[in-house]
Amino acid sequence: KQWYQRRVAITAGDSLKEFFIERNPCQSAIQCAPQMSEHEVNTERFETNNRGVNHVEGGWPKDINPAEVEQTMRFRKKVEKDEVYIQTIQNLGRSMEHTIKQNNAIDIYEEYFCDIVEDGSVESPSAKTINVFRDPNELKRTATNISWYPDNAQKLAVAYSVLEFQKSPPGMSMDSYVWDVESPNKPDLTLKPISPLVCIEYNPKDPHCLVGGQYNGQLAFWDTRKGSQPIEVSAISKSHSDPLYKCIFLTSKTGTECFTTSTDGQVLWWDIRKMSEPTEQLVLDLTKSGKPTLGGISLEYEPTMPTKFMIGTEQGTVLSCNRKAKSPAERIVASYTGHYGPIYALQRNPFFPKHFLTVGDWTARIWAEEIRESSIMWTKFHKAYLTDGCWSPVRPGVFFTSRMDGCLDVWDYMFKQADPTLSIQVCDEALNCIRIQDAGGLIACGSHSGNVTLLELSSSLSQLQRNEKNSVTLMFERETKREKILESRYREMKMKERTKSQMEEINQNEEYDENPNDLVEEAEKNFWFTIEQERAGHEKKDREMAE
Amino acid sequence: KQWYQRRVAITAGMSEVEETLKRIQAHKGVTGVIVVNQEGIPIRSNLDNSTTVQYSGLYHQLTAKARSVVRDIDPQNDLTFLRIRSKKHEIMVAPDKEYLLIVIQNPTES
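The listed protein sequences derive, respectively, from chains A and B.
Going letter by letter, the first sequence gives residues 857 to 1403 in the numbering used here.
Going letter by letter, the second sequence gives residues 7 to 116 in the numbering used here.
By construction, these hints were calculated from the structure, which means they are not laboratory data.
Take the hints with a grain of salt, since some may be wrong.
[Stated by the list, open to error] Taking lysine-lysine and the BS3-like style, the derived pairs with C-alpha atoms no more than 27 Å apart in a straight line are:
#1 K34(B) - K957(A)
#2 K918(A) - K71(B)
#3 K103(B) - K933(A)
#4 K28(B) - K934(A)
#5 K93(B) - K957(A)
The following block holds chain A by itself, in its conformation from the complex (with noise of 0.2 Å):
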């Protein structure tokens, strides 16, 4: 039983009633819909990894040894005078005999339209992203520089740090890493220098070997079997004292001679099996003073033509040089100017070397070596900067270019020269370089916080099309001799002008005999009969109003 107790009453009171109105109607809303709820869920990630399989020989039984080669035979010939056997292999004899006459006689699998070229050209470009790969390391860094393994699309290995000023965080990890295509996990070999790399490079004779250019100036050189070390380092009294931007290896007969540039203003040459001193050396100069004036940021090498180079640097000029100069003037031939920043990328056209693809500022140029004073064809400027690019391996009219606001453009000459043929927002930060694969069918991006982009193009664009070469030939050739033309016509006006001026000088200076005194006299007579005219006018017209 409970218990109840009254505790408070309150009455109804007339006197509250007068305070509320009746409502009426009422509205209530309510919903006949079932309640639902909304969760997100996420597996874990699922590691694989890719491992082969070697077969050894198993099965015999227990009392032969297989690597007996006697009991073996003794087994088979055992076998083989099996009544089952025999009748077995005679039967089986039988109907294998059939089937090979049939391959024989008709090859059902002829592929009959083999010659016939597959036109490309119908499908529209494309591009397709395969994988990604990401800095393993807490603290992210800039993939600065990427280079493939040379002999196929294996592996690829990315060189990350960052280039801001001072903005390396304490504890970043200074590892860069070589990466297998499919595994995106983990990195296949991570390379331990004792200062981040900011650029990396395969060489191409030995796929084994790695060179890597570090912040500290200082050039790097690995072996793929040998671990995670570097297996030596430039001395650092020699080496560069800006970062070293580019390294390229050179061809030669031995297979391990490279050379190097970096802000600091100097070209340097390297023998990597002696790393103690370069083998030369090059300051980067046009006023002829000696000291450096201009920074080297990514430098060309072209291993059809030895004894040539190039030099992009980082106010904005190309400096094209030859390598066999007698004098240390002599080296540098030729300077291109036009860009309005630090020139990024330069690669020469692989079917056409005599062009070159600049990538610096807004905007992608292509010149012709024998025109130094402008570019034969320039893109648009863009909205953001550009930061690397590259032609394809396969197509003369194919270039790549990247961008800060993380899109890949590729550009087809043949197709569209104003725009991009293809535009890709590969991620939404900077894209800091990209590297196409030699085959010409894949293309990686490294982005500002070190994820590594690969993705593959359409057959359209890594395949060569019908009288492309051609194409590009008259196209490059049409585009030099328009400059040539605008060119010799602007020289010609300059030439005019000149001659004017001369005349005009003689002229001039036979009335500056006079004082200076009256030509300042002159000037204030000319003025006050200017004004007076000015005034007469006003006050005709304003009588001629009033009337």
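Using the hints, position chain B against chain A.
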């Protein structure tokens, strides 16, 4: 007398096997012939040992799988022949309860 006859029968049987295998090998495009027993041990082959071991181990497993596939779909059915066409050649496997005959042929060889 019986013993003598049996011996002839065995050698005759053996020579027939030899003849069959030789005939198969003589066909145009045939590059390899391997006989494998039900444990995967190669009994006869005209290829080198490591290749033979690889082929016999791998194709033995594949044939067993193919056979199980055919029988899973229809238990009354059984695998009679297996042909694998690859870019470089065609591999034909004639299965039996106890043995396996593998032939590698390159039919488009000119």
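**Prompt:** Taking 27 Å as the top limit, are the C-alpha atoms of K103(B) and K933(A) close enough?
**Reply:** holds, 20 Å
**Prompt:** For the pair supplied as a hint, K28(B) and K934(A), is the alpha-carbon distance within the 27 Å limit?
**Reply:** holds, 20 Å
**Asked** Has the given pair, K34(B) with K957(A), been kept, meaning a C-alpha gap of at most 27 Å?
**Response** holds, 9 Å
**Prompt:** Is K93(B) within 27 Å of K957(A), Cα to Cα?
**Reply:** holds, 20 Å
**Item:** Satisfaction of hint between K71(B) and K918(A), Cα-Cα up to 27 Å
**Value:** holds, 25 Å
Checked against the numbered hints given earlier, this structure breaks none of them.
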